[in-house]
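Novice: Below, each chain spelled out in residue letters.
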Amino acid sequence: MMKNYKIIIFLSAVTLITACKKYNTFPLSQQTVDRVFDARDSLGANANKFLLTVYSQVINGQNRIDNNYLDAATDDAVPTAAAISEPLTQIATGTYTSFTFGFGSGDNVWSACYAGIRSANVFINNIDVVPVQATMPNIPNLSMKYAWKNEARFLRAYFYFQLIERYGGVPLIGDKVFNVGDNVKLPRNTFEQCVNYIVGECDAIKDTLLTAPLATSNYGRVTKGAALALKARVLLYAASPLFNGTTLITEAKAGNTGIGPRVVTDPNIVGYQVADQNRWKLAADAANDVIALKAYSLNPVFPDIFLDYPPSNNEVIFAKIVDAGTNVENKNGPIGFPAANSNGYTSPTQDLVDAFPMLSGIDIHAANSGFKPDSPYAHRDPRLQQTVFVNEQVWLNTPLQLFQGGQSIPNSGVPQTVTGYYSHKFMGESERVNNYVSHNEDWTIFRYAEILLNYAEAKNEFSGPSPDVYQKLFEVRKRAGISQGNGTYGLTITADKAVLRGIIQNERRIEMAFEEQRFFDIRRWKIAPTQMNPYKHGVQIVKSVGETTINYINVLPDVYKQNTFTPNQYLQPIPYNEVIGNLQMQQNPGW
Amino acid sequence: MLYCYTKKCFTAIIIISLALAKSSFAATADSTKTANSGNGITSGTVVDEENRPLKGATITVKGSSNAVQTNSDGHFEINAGSGSTLEIKAVNHYTNNVVVKNQSEPLKIRLLDQFLQSYDKIDVLYGVRDKSDFLGSISTVYTNQLVTTPGPTYDYSLPGQLTGLYTHQTSGFAQSQNGGTALLVQFLGQGDPNVVNGHNVSINDNSEFALSVRNHAVTTVIDGIQQNVAGIDPGSIESISILKDALSTMLLGINSSNPILLITTKKPEIGQPRISFTTQTAVQQSLGLPNNPLPAYLWAYLYNEGLENDGSAAFYTANDIAKYRDHSDPYGHPDVNWFNLLLKPYSPMQSDRLNVSGGDDVARYTISLGYLNQGGIFKEAPDVTYHSNNNISRYTLNSNINVNVTKNLSVDLQMYGRVQQMVEPGGLAGYGTIISAIEHTPNNAYPVRNPDGSLGGASTADVFKTNLLGMAQYSGYTQTNLKNVLVNLDLNYNLSSVTPGLSLKARGNLAIESQTNIVRTEQRQAYTFIQLDSTIKYSPIGSSSSLSNTFSTILFERDSFTQLMLDYDRRFGKSRVGAQALFDSKSIIANYDLPAETTNKALRGSYSYDDKYMAEATVNTSTYNRYAPGRQRGWFWAGGLGWQMGKESFIKDNVSWIDSWKWRVDYGKTGNNSGAPYYIYKQTYTNSGAPTYFFGINHAGTVGYMESTPIADPYISWESAKKLDVGADISLFHNLIQVNADYYHEKYYGLLTVPGDNIAILGTSYPAENLGQNLYTGFELALTYKNHINNFNYFITVNGASQASKVLFNDELPQRYPWLTHTGLPTNTIFGYTSLGYWTTADIGSKYTGPNSYTPQPGDIKYQDLNGDGKIDANDAHAIGNLKPLLFYGTTLGFNYKGFNLSMVLQGVGNLQRMANGYYNLPMLGFGLFGSGTPSQAYTQALDRWTPQTAATATKPRFSPTGEWAFNGNNSQSSTFYLKPANYFRLKNAEIGYTLPLSWAQRLKLASIRVFINAENIFTIAGYQEFPGEDPEINGDGSYPIQRVINGGLSIKL
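Going down the list, the protein sequences come from chains A and B.
Residue 1 is where the first sequence starts when you use the numbering used here, and the numbers rise one by one after that.
Residue 592 is where the second sequence starts when you use the numbering used here, and the numbers rise one by one after that.
Calculated directly from the structure, the hints in this document are not laboratory data.
We put the beta carbon where it would ideally sit given N, CA and C, even for glycine.
Some clues are possibly wrong.
One-sided and incomplete, this derived list gives chain B residues near chain A with beta-carbon spacing under 10 angstroms [to be verified]: (1) G654; (2) S656; (3) A801; (4) K857; (5) I861; (6) L893; (7) E896; (8) F1286; (9) H1290; (10) G1292; (11) G1295; (12) Y1296; (13) N1349; (14) P1358; (15) L1404; (16) A1465.
My request is simple: use the sequences and hints to build the entire structure.
Specialist: In structure tokens form, the structure reads like this:
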């Protein structure tokens, strides 16, 4: 008995030691899906925050690659720090492979867009449970969550557009959110399926979205106009020569030693095998749908498109919202101002400068233009100096010194423009102040002028020159400040579709420089070889006492002489690991 | 203040205890006189090192077969006359030969402890086992081998001594605590520093040594508890073992894959109070710091040369260089050796330890007190009121009380406490930053002080604007306070009354560790000194701030462990049956973390027949609470067989020189849960922290929600291994030679690996999944030889190990070229380019681009273009180094002659390579500290650079401190150019000591007194040294140099 007693004491001692308390089995600080998409959250606060994340995944083009604009890889500009190893230089000179492309700070849109698509899908799949009480201002008694869901669908469609303009057809994943163990090794859909998917989404959501004009607190949200604008751009691309009757597979084969493996054999993946002129009509109609909304108009002042907000600015249809600031100036502004930090990224070319007509609207190369080589910047299209800084243009209360040894081209070893010009677009009004002032830096994705140009292009391609087409060009030129002249704003009136095509293409170039349009335009128009292969030009101004000499130079001959635009560059290579890791994936032609 | 006060108190305690002990012992010492002896009989007493009677010592008369043993009083009588020689032997003691001078006078003979000890009972995980039937692979060192090494943690004494333990010392001082979270990130893994992320053992204060066994980090177990307190005083440790095979570690279940470093502290022994006191003082000297920075004029000359190479104009004029050279303008043209200015050649270390133990059949105790003070290498400013030099001061207390409450119940209470304070310079910088800055700042960067006494600075650029003297001596300090308390209560209940051989053991442990940081920062203004003609201008750079304080709690960790164990061990005739049932549970909470809980339920059975045939098996079912519900429990098992061949008659009767020859083999499945990220099994969503996006024209940012990355892995589980160990333990020539040999073959599988086909269509990042497989194989061998020639006792033990590894599967994608494949190669393979020497003017004509599309110049390193595509990129990197199995070895040898002893530890590593493209090999490379592109320091080896004239003999590529080179680094790429052997051979440790004759000690009323000098890192033969004094183990930028330590001390026993 005594013995048992001891054992009992012993065991109770043991129990005391080992007694333990039950804790949470999962940390409360780790929030699960039902906290974000909360069935009790009538404000939808957390869900809205998730949607913000999807919005935040939209790509911001401001100085996106190596601190330069993507347009520095076109004939409009060259990268300022032009080391051959920089990703942007590689894009510009075509010295990349599927292995190197998109690494580092390059144009790595593949994974960024699929990440955006995933986030959108998480939102689309879960938002239904959230009892959002707020209703849409434009549709009575309809919960805002339907607008939110459609905003996510728009963003998803826009992510797909960013993919197909670079890669052609890509895997469509629908509403699926993949998890560990799911098969993500999907084959590419055809280009047509992708276009139809994006167009179908735009059509499906367009009537359950906010409409312009937005309340200022809703500025930045997707509207019906944005959905129609996306549709218009997708259809314009689909109708363009690169995709509409693609010959890429045979073209890209020639002389190319891609590293593969599994190069596309089905032309339908990289475009429409059979061309169809009617696609231009679809594009024109889609652009016209936006115009017909009558919700948008051209901002009377060209630079204010990027600086003003509604209601004074009704041109922007959709923009990625970016913090106000002076980043554009700090990145791109002319160097040499001690008080104003600037780095002069993206050096515009002489070729871009020459694309701007005279104030009369007449091309500078035309005999009657009145262009004077010794004062080349006088009496030009006002957009020239609003897009590019030229010598003696007033900036920060100072006439810019863009001559050799001048304040902004000191030749002292610090990075400076390599063309003699600096980029001006998107900057605040700092002509008459001593330092930069914070301003709107939203990245404009769709604006009304593009819609007009989309319409003009598609309409001209479908049915040839017409007053309707010219009217759209006049509107754009009128706003730019080109004098009306005899009513044609300096344009040649022609019945030749090809001549008008050239006019429209030039207008698009100068109106939307640095807006990430040119890079894709020269590809979809298939004019990239003629635009990219020649030397790009800059200017070298030598100033001696009382006299100024202007020399036109070839920019960076060492780097750019290697540049040959081979047909495989019409589409970007699918990142190498995506092809290696996915046996269903097919590489683009020539890669 | 408090620090000083506690130091005084401590000293007082020691003095008082010594005085008390001395007086009480003076009485007992007198009463040890022995009875006299009869005719023809010599009598005497044998005592041990502490002047206590030694039982069981064997006394033989040389030249006869006459032998007796001492009784429990250490007394003996033997038939031997005057003039005869007695040889006295005892296990684990040195043999002593004594000539009987006068047989009527009783002898008192002292036997000293052997340096290498060996016991029949060995400490294993959760218990003690007979060595003879232990089937695992174990290697043990005892306290003697630990205390000869002067160092702040016991880890310092391990290199070269334990068979199969690979040690790599990466720093000469405890890790910088600057910023505080660095420590947590290191020990808890990346991510939230307030949770135990991917670890289930406590935080480890060993930041100097990477310890691994069979290619895996060790789990430290101190007295049966998984704890990592490296600051335990080596003098209070009884033994340190490594347990290497599956059978020995199986009771850790889900944690059993890692080998165990088993620390057993000293246990109480019955007897009169024994007091020992050791005090030692050491001098430390830095090894492995570059000691050859270029003087300013050479630096300037080379910089000009580099600029010229890069096509730029020279920066320094001939006049500048002349002034640098003749030091005529110390302010305008400074030439500062930052190493000499800021670092001390020697620094002190002091340690004291006091051990008291004793007790009787009812209660026994042992108490160890330790004090350590380790100084650092930084000089201090005389005119600041605080200490900024590196310093660790530590007090430790380890006490163990063992009480027999009843005949069958005993209670064992162990308490360990530690109070440690670490100081380092730089309230914001930390010592690593300062050392790195010293290594990177050129001699001519700026004058230390301006003519007016203010701190100097550089005017040219915003780099080097932090004055190094200011940074090291006038920027405050960081003080880290670390406190540990461990309480361990064991209850042992002997249940022989139920059935013989049965016992029950319960154990509870609580451990608390807290770490707090005090940062005191100040910043003093530096000025650029500008002299224009006769006017002197001082232009301020940087900013100043007065001393400010911050206090933060870095860690508060609570661990608890409970264990219940039912043990059965009984002999039935020739059979011996053992069984054990075990349940335990361990919980770790760090800061606000949820407890990380591990449980084990294990059964072990063993059987041996006639001590010849042995079998043992263990099954453990183990859980960890951070896996998905339903996936938390795993089964682990191991079994072993043994055969004592030495006892078979065909050996015993025929081969007399074989004493024992045991074969053993064991095989098991082990687990490792340390890799799993925090609750990764469920998808969670993260608050973005910073605003992600906003609507509306006023740009009011809103914090967003996003999916946490990587996404959840609902199937995540522990990593596993199947381990085979085959070994033999052999004893030859009457135990003169011991051989232990092992072969292992360990296949690890389910290793957490991010899938190779992690394509971006998933839209997020992939978590690691249980995919990988690695194979580890190797041999381990230990040979021990102990013998004596009369009183000259000598010993040598040699150990060596080879470790080979192979990646069996890492879910690699098919590579473009076969040489890019990692699968099939060793796990630590170095990849890089093959260097083909330098580009020459003739070669350059061929079309080629270097790494990152670099255009090479003559004198740049030329790399082999493996795929022949005309450019060097990731496709040309291939396996170039560490392809052979790693070899490492150690030897401990020494002798003892009449109280005079010598011991040495030699240690080395073979087949190891490293990439020596550190700052001292890439002169003026402005990387890291001061941002890219800024020319930094160069060392004299830079003079061997390529120039057109020295193209044939140059050992460095051409100079190119600016431009593309600094950014693209053609010449800094990993390649065979910089691949160097990292092999080394060290005299790691040596000790010379003298134990004063017993009679002298007794005259001082002491039981024993011993003086010694020992040293660490005495000399090193390195496979490759870029500069004299470079250490093969340390080559990191900003690493604290490892120290050569010369230590002298005195040890007194009462």
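Novice: With chain A as the partner, please determine if B:A801 meets the hint condition of a C-beta pair closer than 10 angstroms.
Specialist: Result: violated, 31 angstroms to nearest chain A Cβ.
Novice: Less than 10 angstroms between beta-carbons is the criterion; does B:L1404 satisfy it with respect to chain A?
Specialist: holds (5 angstroms)
Novice: For the hint on B:A1465, just tell me whether its beta-carbon gets within less than 10 angstroms of chain A.
Specialist: holds (8 angstroms)
Novice: Just to be careful: measuring from the Cβ of B:L893 to every Cβ in chain A, is the smallest value less than 10 angstroms?
Specialist: Because about 20 angstroms separates B:L893 from the closest Cβ in chain A, which is outside the 10 angstroms limit, the hint is violated.
Novice: Given B:P1358 as an interface hint, is its Cβ closer than 10 angstroms to any Cβ of chain A?
Specialist: holds (6 angstroms)
Novice: Restraint: B:G1295 near chain A, CB-CB cut 10 angstroms. Satisfied or not?
Specialist: At about 4 angstroms, which falls below the 10 angstroms cut-off, the nearest Cβ of chain A leaves the hint on B:G1295 intact, so it holds.
Novice: Holds or violated: is the Cβ of B:F1286 closer than 10 angstroms to a Cβ in chain A?
Specialist: holds (4 angstroms)
Novice: Answer holds if the nearest beta-carbon of chain A is closer than 10 angstroms to that of B:K857; otherwise answer violated.
Specialist: violated (24 angstroms)
Novice: Let me know if the C-beta of B:N1349 comes in closer than 10 angstroms to any C-beta of chain A, holds or violated.
Specialist: With Cβ-Cβ at 7 angstroms, under 10 angstroms, it holds.
Novice: Under 10 angstroms is the threshold here; is the Cβ of B:H1290 close enough to any Cβ of chain A for the hint to stand?
Specialist: Status holds, d = 5 angstroms.
Novice: Taking the least C-beta to C-beta distance, is B:G654 closer than 10 angstroms to chain A?
Specialist: Violated, about 58 angstroms.
Novice: Do the numbers back the hint for B:E896, that is, is its least Cβ distance to chain A under 10 angstroms?
Specialist: Violated: closest Cβ of chain A sits about 18 angstroms from B:E896, beyond 10 angstroms.
Hints 1, 2, 3, 4, 5, 6, 7 from the list above are not met by this structure, while the remaining hints are.
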